[in-house]
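S.K.: Mind assembling these two chains? They're in different frames, but the hints should get you there.
Protein sequence lines correspond, in order, to chains A and B.
If you're matching positions, the first sequence starts at 1 in our numbering and goes up one per residue.
If you're matching positions, the second sequence starts at 557 in our numbering and goes up one per residue.
These are computed hints drawn from the structure, not numbers from a lab.
Some hints could be false.
Subject to a maximum C-alpha distance of 20 Å in a straight line, what follows is the list of computed SDA-like cross-link-like pairs (lysine to any residue) [what the hints assert, rightly or not]:
1. Lys207(A) with Ser599(B)
2. Lys605(B) with Asp335(A)
3. Lys207(A) with Phe297(A)
4. Lys605(B) with Val493(A)
5. Lys207(A) with Leu613(B)
6. Lys207(A) with Val588(B)
7. Lys605(B) with Leu309(A)
8. Lys605(B) with Trp211(A)
9. Lys605(B) with Asn339(A)
10. Lys207(A) with Gly608(B)
11. Lys605(B) with Val12(A)
12. Lys207(A) with Phe578(B)
13. Lys207(A) with Trp614(B)
14. Lys605(B) with Thr538(A)
15. Lys605(B) with Thr201(A)
16. Lys108(A) with Val514(A)
17. Lys207(A) with Thr598(B)
18. Lys605(B) with Ala314(A)
19. Lys605(B) with Leu214(A)
Being a predicted model, the structure only gives us computed values, none of them experimental.
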Amino acid sequence: MDEALRLDANWVDYLLVALYFAFVLGIGLAARRQVSTSLDFFLSGRSLPAWVTGLAFVSANLGAVEIVGMSANGANYGIATMHYFWVGAVPAMLFLAIVMMPFYYGSKVRSVPEFMRRRFGTGAHLVNAISFAVAQLLIAGINLFLLATVVEVLLGWSLIVSLVVAALVVLTYTALGGLSAAIYNEVLQFFVIVAALLPLTLVGLHKVGGWDGLTAAVSDSPGGAEQLSSWPGTALTGFDSPVLSVIGIVLGLGFVLSFGYWTTNFVEVQRAMAADSMASAQSTPVIGAFPKMFVPFIVVIPGMIAAVLVQEIATEKAAGGEPAYNDSILYLIRDLLPNGMLGVAIAGLLASFMAGMAANISAFNTVFSYDLWQQYVKKDEPDEYYTRVGRLATVGATVIAIGTAGIASSYSNIMDYLQTLFGFFNAPLFATFILGMFWKRMTATAGWVGLVAGTASAIGIWVLSGDVLGVVPLAGQGAAFVAAGVAFAVDIVVSVAVSMVTRPREYAELKGLVWSETPRETFRDENAEVLPWFRQPTKLAGIALVMVIALNLLFL
Amino acid sequence: MSDKKTTPPATKTARAFDVRTFIAALIGLYGVILLLTAFFGTSEEDLAKADGLNVNLWTGLGLLAFAIAFQAWAMLRPVRVPPRPDDDG
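The following block holds chain B by itself, in its conformation from the complex (with noise of 0.2 Å):
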C-alpha cells in the first residue's frame, strides 16, 4: 500500500468500488449461460425431470432482468464517497 497517489485515476476507482457491480455482472453471466444451455443444451430427458418445464430457460430470463435492473440501479445511484479527512483530493 505504498505508492499509490502516483496514480490518482486508479486510486478514485477503487474509493468508488461497488458492490452492486460486481453482483449485477455475475448474476447476468449466469443469465446469459442458462439461456445459452436452454437454447444448445437441453435434452427431453432434462425437460422430463421438470414435467416439461423448460427450467435453464426461465430462470436465465429471470436472473438476467434482475441484473439488468440492478445495474441500473448501481448507474442512477452512483456510490458517493464522502472525502475522507486524510484525502487530498
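For reference, chain A alone in the conformation it holds in the complex (with noise of 0.2 Å):
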C-alpha cells in the first residue's frame, strides 16, 4: 500500500466517521446498564430475540479477513470465490442450527469449550480451551492490525496512533456492556457495512456499464470468461482435474472446512448461545444465513469491478504480475466515491474491521473467564467476582492484541503461517464434536487423542505441501481443503479405535449431551406449538436451503 491509495477526505467525511463512533459508545453505555449478573455480561443473559443474534451471527464473521480477502478472491479468481459464501457457509450455518444447536441450548452450557468438557471432561476441554483463547488473541491482532493500516493509508494517521485509537474504542464498549454491547453493534455494524458497500457495488457497475458491461470486460481481461461462472474452479482450488477441484470444494471446503468452522467457532456460536429460547437460538445462524448469501454481491462483485476498472489491478493483471489484490476495494472507493459517500464507506471498513475484533475479544473473555479461569484457578467465587474477572480479560485482551498488531507489522508472513494453522482446529474438532453427540460409546480419553492426532495430521500434511517444503504437490487453497480432510479422517479413526480399548463413561451421565442419551423434549422449544412459521427455524431453514441452491445454479 502507498500514498496513491490516501483518500481525500474532507470535513464531511471525518464528520460521519465521528457520528459512527459516538453511536458506538453509545451503545456501548446503554448496553451497561443491563448488565448486573455475569450472565449478563458473558451471555447478554440468554435474553435477546432471534434477528438481533442472527444478524450479529452475520457481522461477526463480517471482518477485515472477509472483506478485504473475499473481495481480494473476487478479483482474482472471479465468480469462483461465491463458493465461500454457496457452498461454504451457508449449508454449514444451517447444519449447525438444526443439528447441532440443540446441544449447545439445550445442555445450557456457557460456552463450546464447557460442552467439551462436560462431555469429555478436562483432557479435551484444556486442549480446547487453550487453543481457542491463543487464536482469538491471534486473530484479533491481525483484526486491529488491518484496522490501523487501513486508517493509516487512507486518513494520513501514523500506525501507532490508529493502532491505539481503534483499540480503545473496542476495549470501551466491550469492557462496559460485554457481549450485549458487542452485540448491538453487530447489528449497527451491519447495516453501516450495507450502506457502504452496496452503493459502492452500484456505482461501479454503472460505470462499468452495468451487468453486461462487467461479464464482457471481464471476458476480455486476462482471466478470461471462466472467471464468470463457478465450477469447476480450478483456478481456485488450484487442482488441475476439474473433477478433483469440484471434490475438493464439495468435501474440503463445502465439508470439512466450513462446518468445522461454523460449527464449532465459539466466536459465532455464542451469538446463538445468547438468544432468547431454543427457537431463537436455533434461529440465530438460519436468520444469519439469509444475509450471508447476499454478502458476496457487495464483497466479491465490486473486487471483479475492480480488477477491471482500477488501472494499477488490471495493467498489473494484464501483464501477467502480482497486483494488489487486497488493496480492491480501498482503490475503487478512491476512483468511484465523491466526498459524502466517501465518509460513510470509511466509516462502513472501519465498522467491519472494529466487529470483527469485538467479536474475537468477547468471545476470548467468557472461555477465559468460565472455562479457565473459573474451572481451573478461582473455583467458588461470588458472580460479581467473574463479571470482574471478564472485564479485566477484556482490558489484558486488548493490550495483547495491539502486541500482536505490532508482530503483524513486521512479520506478515508468520501471521498467515499461524492463521493457517489455526484454521486446522476446526476440522478435527468438528469431527470430535458430532462424533462425541450421537455415538455415547465415545470415551474421554477418545476425544482429546483425536484432538491431538487430528490436528497434527493437517500440520503435517500442510508442511510437506507446497506452502513450506513442497514434498507433496500441492498449494494455496487446494492444500487446506486436502489438510482438512485428512484431519477430519485421521480424527475420526484414531477416536473410534481408541473408545474400543478405552472405558466409557456412565450412560446416564450423558443426558443432554448425546442424542440417544437425551429426553426429546429438552431439545423443543416450550412454545413450539404457537410459534409462526417465520419463527420456525426447520422452516426457515428450508427456505434458505432453496434459495441457495437456486443461486448456485444461477451462476453455474
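M.R.: As C-alpha cells, this is what we get:
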C-alpha cells in the first residue's frame, strides 16, 4: 500500500466517521445498564431476540479478513469465490442450526469448550479452551492491524496512533456492556457496512456498463470467461483436474472446513447462545444465512469490478504480474466515491474491522473467565467476581492484541502461517463433536487423543505441501482443503479406535449431551406449537436451503 | 449500579433499550448529511468520477427511506421486556 491510496477526506467525511464512533460508544453505555450478573455480561442474560443475534452472527464474521480477503479473491478468481458463501458458509450455518444448536442451547453450557468438558472431561477441554483463547488473541491482533493500516493509508494517521485509538474504542464498549454491547454494535455495524458497500457496488456496476458491461470486460481480461462461472473452480483450488477440483470444493471447503468453522467456533456459537429461547437460538444461524447469501454480491462483485476498472490492478493483471489484490476495494472507493459517500465508506470499513475484533475479544473473555479462570484457578467466588474477571480479561486481551498487531506489522508471513495453522483446529474439533454427540460409546480419552492426532496430521500435510516444504504437490487453497479433510478422517478413525479399548462413561451422565440419551423435550422449544412459521427454524432453514441451491445453479 | 431504584422512569427506559432506534437514527443522519452534500457540495469532478451519477443524492435518499422504515418498525412493534423475578414493578 502506498501514497496513491490516500483519500481526500474532507470535514463532511470526518463528521460521518465521528458520528459512527459516537453511536458505537453510546450503545456501549446503554448496554452497560443491562449488566447485573455475569451471565448478563458474558451471554447477554440469554435474552436477545433472534433477528438481533442472527445479524450479529453474520456481522461477527464480516471482519477485515472477509471483506479484504473475499474482494481480493473476487478480483483474482472471479465468480468462483462465491463457493466460500454458497457451498461453504450457508450449508454449514443451516447444519449448525438444525443439528448442533439443540445440544449447545439445550445443555445450558456457557461456551463451546464447556460442552467439551461436560462430554469428554478436562483433557479435551484444556486443549480446546487454550487453543481457542490463543487463536482469538492472535486474530484480534490481525483485525486490529488491518484496521490500523486502513486508517493509516486512507487518512494518513500514523500506524501507532491508529492502533491505539481503534483498540481503545473497542475496549471501551466491550468492557462496559459485555456481550450485549458487542452484539448490538454488530447489528449496527452490519447496516453501516451494507450502507457503504451496496452503493459502491451499484456505482461500480454503473461505471462498468451494468452487469453486461462487467461480464464483457471480465471475458476480455486475462482471467477470461472462465471467471464468470463458479464451477469447476480449478484456479481457486489449484487442482489441474476439474473433477478433483469439484470434489475438493464440495468435501474440503463445503464439508470439512466450513462445517468445522461454523459449528465449533465459539465466536459464532456465542451469538446464538445469547438468544432468548431454543427456537431463537436455532433461528440465529438461519436468519444469518439469508444476508450471508447476498454478502458476496457486495464484496466479491466489487472485487471483480476493481480488477477491470482500477488502473493499478487491471494493467498488472494483464501483464501477468501479482497485483495488490488486497487493496481492490480501497482503490475502488478512491476512484468512484465523492466526498460524503466517501465518509460512509470509511465508516463501513472501520465498522467491519471493529466488529471482527470485538467479536474475538468478547468470545475470548468468556472462555478465559468461565473455562480457564473459574474452572482451574478460582472456583467458588461470588458471581460479581467473574464479571470483574471478564472486564479485566477484556483489558488484557486488548493490550495483547495491540502487541500481536505490532508483530503482524513486522512479520506478515508469520501471521499468515499462524492463521492457517489455527484453521486446522476446526476440522478435527468438528469430527470430535459430531461423533461425541451421536455415539454414546465414545470415551473421554478418545476425545483428546482424536483431537491431537487430527490436528497433528493437518499440520503434517501442510508442512509437506507447496506452502512450506513442497514434498506434496499442493499449494494454496487446495492444500488447505486436503489438510482439513485428512484431519477430519484421522480424528474419526483414531477416536473410534481409542474408544474401543478404553472405558466409556456411565450413559446416565450423558443426558443432554448425546442424542440417544436425551429426552426429546430438551431439544424442543417450549412454545414450539404456537410459533408462527417465520419463527420456526426448520421451515426457515428449508427456505434458505432452496434459495442457496438456486443461487448455485444461477451461476453454474 | 447502586441506587438506580430511586428513579423508576429512568430504569424503565433503560430496560426498554431498543437498538433499532439507534440504527434508524445513525442511518437517518447519514441520509440527511449525504442529501445536503448532494445539493450543496457536489462538484463537476465528483459527478465525472461516477459517469454523471450523483452518488450522494441516491444513497442519501436510500438511507433516509431505510431509516424511516426501520423507525416505523420499532414504533409499531416496541420491545416488550418480560419482567424478571427480581423486578419490583
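S.K.: Hint by hint, note whether the structure agrees.
M.R.: For each hint, the structure was consulted:
1. For the suggested pair Lys207(A) and Ser599(B), the alpha carbons sit about 18 Å apart, so the restraint of at most 20 Å is met.
2. Note on Lys605(B) and Asp335(A): the hinted pairing holds, with a Cα-Cα distance of about 7 Å set against a maximum of 20 Å.
3. With a C-alpha separation of about 16 Å, the suggested pair Lys207(A) and Phe297(A) falls inside the 20 Å cut-off, and the hint holds.
4. Among the hinted pairs, Lys605(B) with Val493(A) is inconsistent with the structure: their alpha-carbon atoms are about 59 Å apart, more than 20 Å.
5. Between Lys207(A) and Leu613(B) the CA atoms are separated by roughly 17 Å; this keeps the pair inside 20 Å, and the hint holds.
6. For the given pair, Lys207(A) sits about 25 Å from Val588(B) by alpha-carbon distance, which is inconsistent with the 20 Å threshold.
7. Between Lys605(B) and Leu309(A) the CA atoms are separated by roughly 12 Å; this keeps the pair inside 20 Å, and the hint holds.
8. Restraint check for Lys605(B) and Trp211(A): satisfied, since their Cα atoms lie roughly 19 Å apart, inside the 20 Å limit.
9. For the given pair, Lys605(B) sits about 11 Å from Asn339(A) by alpha-carbon distance, which is consistent with the 20 Å threshold.
10. At roughly 9 Å between alpha-carbon atoms, Lys207(A) and Gly608(B) fall within 20 Å of each other, so this suggested pair holds.
11. As the CA atoms of Lys605(B) and Val12(A) are separated by approximately 18 Å, the hinted pair is consistent with the 20 Å bound.
12. Between Lys207(A) and Phe578(B) the CA atoms are separated by roughly 33 Å; this puts the pair beyond 20 Å, and the hint is violated.
13. Using a Cα cut-off of 20 Å, the hinted pair Lys207(A) and Trp614(B) holds, with the two alpha carbons roughly 15 Å apart.
14. Proposed proximity of Lys605(B) and Thr538(A) is contradicted: the alpha carbons are some 47 Å apart, above 20 Å.
15. Annotation: proposed proximity of Lys605(B) to Thr201(A) holds, straight-line Cα distance about 14 Å (limit 20 Å).
16. Restraint check for Lys108(A) and Val514(A): the C-alpha separation of about 14 Å stays at or below 20 Å, so the hint holds.
17. Restraint check for Lys207(A) and Thr598(B): satisfied, since their Cα atoms lie roughly 18 Å apart, inside the 20 Å limit.
18. Between the alpha carbons of Lys605(B) and Ala314(A) the distance comes to roughly 18 Å, so the proposed pair stays at or under 20 Å and holds.
19. As the CA atoms of Lys605(B) and Leu214(A) are separated by approximately 18 Å, the hinted pair is consistent with the 20 Å bound.
Going down the numbered hints, you'll see the structure goes against 4, 6, 12, 14, while the others check out.
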